[in-house]
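I would like the entire structure built from these sequences, with the hints used as guidance.
Here full-length UniProt numbering is used: the first residue of the first sequence is 1, the next is one more, and so on.
All clues stand as given, with none of them false.
Okay, derived cross-link-like pairs now, DSS-like style, lysine-lysine, Cα gap no bigger than 25 angstroms in a straight line: (1) Lys62 - Lys225; (2) Lys31 - Lys227; (3) Lys202 - Lys31; (4) Lys227 - Lys165; (5) Lys373 - Lys92; (6) Lys263 - Lys438; (7) Lys10 - Lys165; (8) Lys415 - Lys373; (9) Lys224 - Lys180.
Everything labelled a hint here was simulated from the structure, so no lab data went into it.
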Amino acid sequence: MEARKVLPRKDGRVIIHFDYDCFYAAVFEAKNPSLKGLPFAVQQKHIIVTCNYEARRRGLHKLQLINEARRTCPDVIIELGEDISKFRDASKELYNFIKQYSWNGRIERLGFDEVWMDVTDIVDYNLETINRHDLDHSFFYTSRDDLTEGFDFDATIHAGHTYPKDAVSNLSEDGTLNEKDLRLKLGSHFAMFVRHQLEQHKGYSSTVGIATNKLLSKLVGNLKKPKGQTTLRPIDSIDSNSSSVIDFMDAHEIGKVPGIGFKLAQKLRELVLQRATDRDPGYSGIKEHVTVSQVRIHPDIDCDKLEKLLGGPGSPHGIGYTVWCLLHGIDDSEVSQARSVPRQISIEDSYIRLDTMPELLKELNVLARSLLKRMRIDLLCDTDDFGGSSDDTAGDDNHASKSSLAGKRWLAHPKTLRLTTRPRMPMQVDGTRMRTMKRISHSCPLPNFVFGLHESVDALAEKLVRESLLSMFRKLHPEKSWWNLSLVNLAVTNMAEAAGESRTANGRNIGNMFKRQEDVLKDYRVTEADDAVPSNAVVDGVYDTTRENVVVGPMPENKDEDSGWIEDDSIGAATDYCHTCGSSVPPFAMIAHQRFHSPALR
DNA sequence: CAGGGTTAAT
DNA sequence: ATTAACC
Numbered sequence: 001m002e003a004r005k006v007l008p009r010k011d012g013r014v015i016i017h018f019d020y021d022c023f024y025a026a027v028f029e030a031k032n033p034s035l036k037g038l039p040f041a042v043q044q045k046h047i048i049v050t051c052n053y054e055a056r057r058r059g060l061h062k063l064q065l066i067n068e069a070r071r072t073c074p075d076v077i078i079e080l081g082e083d084i085s086k087f088r089d090a091s092k093e094l095y096n097f098i099k100q101y102s103w104n105g106r107i108e109r110l111g112f113d114e115v116w117m118d119v120t121d122i123v124d125y126n127l128e129t130i131n132r133h134d135l136d137h138s139f140f141y142t143s144r145d146d147l148t149e150g151f152d153f154d155a156t157i158h159a160g161h162t163y164p165k166d167a168v169s170n171l172s173e174d175g176t177l178n179e180k181d182l183r184l185k186l187g188s189h190f191a192m193f194v195r196h197q198l199e200q201h202k203g204y205s206s207t208v209g210i211a212t213n214k215l216l217s218k219l220v221g222n223l224k225k226p227k228g229q230t231t232l233r234p235i236d237s238i239d240s241n242s243s244s245v246i247d248f249m250d251a252h253e254i255g256k257v258p259g260i261g262f263k264l265a266q267k268l269r270e271l272v273l274q275r276a277t278d279r280d281p282g283y284s285g286i287k288e289h290v291t292v293s294q295v296r297i298h299p300d301i302d303c304d305k306l307e308k309l310l311g312g313p314g315s316p317h318g319i320g321y322t323v324w325c326l327l328h329g330i331d332d333s334e335v336s337q338a339r340s341v342p343r344q345i346s347i348e349d350s351y352i353r354l355d356t357m358p359e360l361l362k363e364l365n366v367l368a369r370s371l372l373k374r375m376r377i378d379l380l381c382d383t384d385d386f387g388g389s390s391d392d393t394a395g396d397d398n399h400a401s402k403s404s405l406a407g408k409r410w411l412a413h414p415k416t417l418r419l420t421t422r423p424r425m426p427m428q429v430d431g432t433r434m435r436t437m438k439r440i441s442h443s444c445p446l447p448n449f450v451f452g453l454h455e456s457v458d459a460l461a462e463k464l465v466r467e468s469l470l471s472m473f474r475k476l477h478p479e480k481s482w483w484n485l486s487l488v489n490l491a492v493t494n495m496a497e498a499a500g501e502s503r504t505a506n507g508r509n510i511g512n513m514f515k516r517q518e519d520v521l522k523d524y525r526v527t528e529a530d531d532a533v534p535s536n537a538v539v540d541g542v543y544d545t546t547r548e549n550v551v552v553g554p555m556p557e558n559k560d561e562d563s564g565w566i567e568d569d570s571i572g573a574a575t576d577y578c579h580t581c582g583s584s585v586p587p588f589a590m591i592a593h594q595r596f597h598s599p600a601l602r
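Here it is as structure tokens:
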């Protein structure tokens, strides 16, 4: 390994990061706009998960206890947000909306309320056509195909705010630096435009950051929190003695840097504060505010030392180098391509107390049902009807509410089923409870019967619990050990995409093209500018979307994996029911089943 | 370190 | 197959 000098940041890209403002609250407000002026919060279990800005003005904040919130603001309106399906739906809708403005498909979601977009290609295209002698009367092309689509803008300035606040605007005259700056200016105007479309057509406001990589774009957006946008201009002095990026990163608390989570942050703090962050007898609430600069300045900080400190069993290789890069604002990770199917589907719930078999079985059934429903929503698509639409006209086939399943096929088959629990730690002698959030999990092949569309979700869920989940649970919590769960999570992972899979066409397996449903955008006309929008950036555009969305990616290599899932040979017709847990158990297995219960009951 | 997740990298 | 990290 070489002693690296300043390996330069790559500033060749333009990345936009969107963050929808108080998203959960905004979803409720979109449906019920009268909430907007009122203090409004969304509750999950006993906490406020988010609240709108009116509520924040009155002293509420995220992750606040309900009681405390009501005391602080008796007028607050609270809605329950434990069922997250509407948030998921809204998130997908907004994501798909933004995606229409992407040319290269590099658009990535993080959680429900954040999206990155790599607009390098769009910026470069516009850079080629822009008139450098009349920058303040520029036109931004938002479509390659239709040159009437776009908006007027002033390319001499950034849209919105910038990080070096009012940086030396035209400091460098030598092409390269200005070119960098110009690219980000274009990016900022495009960001303003998309953000504006979002607000006009979907009713959601967002906060955005524009920079040359994912890390910086996300962080810089935070500077103007509600409804703002900020561009980070990478300005390095010629002698490398000063850098806006370094300055920007330096001020951050170490744990605020994306990619440095709880554990890494703790280790870095220990390094800087020498060995005493937590559990320091004598001190309880020390200020453990360690900044990026403190770590970066620290003598023991180079890639190798960091690797020794942070690397270990279970950590990714090269973590030291990665962290070193993050501290310096370097992040070469790509904005990932939009995917047509998720990598994983999981659902979970948490419990105050879950320590008996009947309760567990009930909860497993509930979770399994939701999981199967979600699989049918996210993984099932209409089988291609060739032009002549299949009876989707008036004739609702026999009342069938399940009619929708008729012509459906699976876009992907998850191959793995995973059960995760978070055991509640037993009480200690002093009555305290070792706080541990650790999860444990067990996985197994997902039985193929779950893909059957003729059986009801309820029936399939029961079968899944009986034939897979119970034995998995037993491996996580072996007999003899008493358990009390604070969380149960069920997931299907390891998606095998079924691209050209054709079981029906014997022998004939023509590579089938499938076109994604195209979102049909009506023509839009924008008339209003956002607060932060400079008046000259008012956009006036007409859009049409004939976006081809070809699914690229590895061919499915569909290994067998279909054809005859062998039933668990020990499962016969279940005729008896367990008196303890109520599950149906084949007679020959009842003895073992009972044994399963008894030691657990102490 | 709350709650209901998702993703990436072992 | 399991965990860390992120929202």
